[in-house]
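Residue numbers (the working numbering), protein chains in the order written: chain Y, 267 to 382; chain H, 2 to 112.
Please note: incorrect hints may appear among the correct ones.
What the hints assert, rightly or not - Where chain Y lies over chain H, by a calculated footprint (3+ residues, C-beta under 8 Å):
hint : stretch
1    : 13-26
2    : 101-108
Unchecked claim - The following residues of chain H were derived to be distant from chain Y, with all beta-carbon distances above 10 Å:
hint : residue
3    : S50
4    : D85
5    : D98
To be verified - Lysine-lysine pairs mimicking BS3-like chemistry, simulated, CA-CA at most 30 Å apart:
hint : chain 1 : residue 1 : chain 2 : residue 2
6    : H       : K57       : Y       : K323
7    : H       : K38       : H       : K57
8    : H       : K38       : Y       : K323
These are computed hints drawn from the structure, not numbers from a lab.
Positions of the beta carbon are idealized from the N, C-alpha and C atoms, including for glycine.
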Amino acid sequence: GAGVSQSPRYKVAKRGQDVALRCDPISGHVSLFWYQQALGQGPEFLTYFQNEAQLDKSGLPSDRFFAERPEGSVSTLKIQRTQQEDSAVYLCASSPLTSGGADTQYFGPGTRLTVL
Amino acid sequence: DQQVKQNSPSLSVQEGRISILNCDYTNSMFDYFLWYKKYPAEGPTFLISISSIKDKNEDGRFTVFLNKSAKHLSLHIVPSQPGDSAVYFCAHRWASDKLIFGTGTRLQVFP
Chain Y
267 GAGVSQSPRY KVAKRGQDVA LRCDPISGHV SLFWYQQALG QGPEFLTYFQ NEAQLDKSGL
327 PSDRFFAERP EGSVSTLKIQ RTQQEDSAVY LCASSPLTSG GADTQYFGPG TRLTVL
Chain H
2 DQQVKQNSPS LSVQEGRISI LNCDYTNSMF DYFLWYKKYP AEGPTFLISI SSIKDKNEDG
62 RFTVFLNKSA KHLSLHIVPS QPGDSAVYFC AHRWASDKLI FGTGTRLQVF P
């Protein structure tokens with residue numbers, strides 16, 4: 267079946283622009299995660315949804331970052347007034363179960379954001 | 002404070018030999034450790050996991066060992082194949098399901 271898809275795959279923004287990154291999780295998956303991966307680093311947690319509820323946003327680096335999942339399926343990560351330090355690959359992952367299970371997270375290919 | 006550490010940024014192994022990738026952790030609170038494999042321009046792909054109550058889990062050519070007293074885990078790949086060449090991340094998971102990743106080890110398997 268179809269995996270997690272993300273769009274766009276590549277985004278170049280001028281400093282100060284707003285960007286919106288989209289994630290289409292695997293159909294029926296309850297949980298959805300966003301991670302940020304800087305060059306040479308491992309993915310770092312940003313935020314977590316269970317259906318439409320945002321249960322953890324402790325990883326969002328500033329109030330310029332905002333995520334939503336209004337209908338419990340597609341999610342959008344929005345970054346306002348982008349800065350050069352926002353340049354990274356943004357990964358989305360989904361999983362079928364809620365917390366407590368041994369389920370794994372299935373990752374999309376990521377969106378590479380470059381802020382000039 | 003980095004909770005999961007992969008101290009070897011790269012590893013080179015001959016085809017057919019064993020690859021051993023290591024991971025150290027500081028936080029004793031976790032449910033699972035997981036290993037993910039990542040090819041360039043793709044997202045990480047789940048490989049194998051181990052729960053906190055076990056010390057070994059095996060799946061085909063892949064075995065993960067957990068040493069809780071040393072706060073250390075390792076992934077063994079035997080025999081190594083050229084298609085195993087990728088970046089490997091260990092990650093731990095607890096509480097809200099979020100994963101805490103290490104910085105990764107790039108494995109190269111040469112003929």
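Against the structure, the hints:
1. Counting residues of the stretch 13-26 of chain H whose C-beta sits closer than 8 Å to any C-beta of chain Y gives 0, which falls short of three, so the coverage hint is violated.
2. For the stretch 101-108 of chain H, the stated coverage by chain Y holds: 5 residues have a C-beta nearer than 8 Å to a C-beta of that chain, and at least 3 were required.
3. Once the 10 Å rule is applied to beta carbons, S50 (chain H) is inconsistent with being away from chain Y; the minimum gap is 7 Å.
4. With a cut of 10 Å on Cβ distances, D85 (chain H) stays outside the contact zone with chain Y, its closest approach being about 18 Å.
5. Not every CB of chain Y is more than 10 Å from the CB of D98 (chain H) (nearest about 5 Å), against its label as outside the interface.
6. Under the criterion of a C-alpha separation no larger than 30 Å, the hint pairing K57 (chain H) with K323 (chain Y) is inconsistent with the structure, at around 33 Å.
7. With a C-alpha separation of about 19 Å, the suggested pairing of K38 (chain H) with K57 (chain H) holds against the 30 Å cut-off.
8. Our distance criterion of 30 Å between C-alpha atoms is met by K38 (chain H) and K323 (chain Y), whose separation comes to about 26 Å.
Hints 1, 3, 5, 6 from the list above are not met by this structure, while the remaining hints are.
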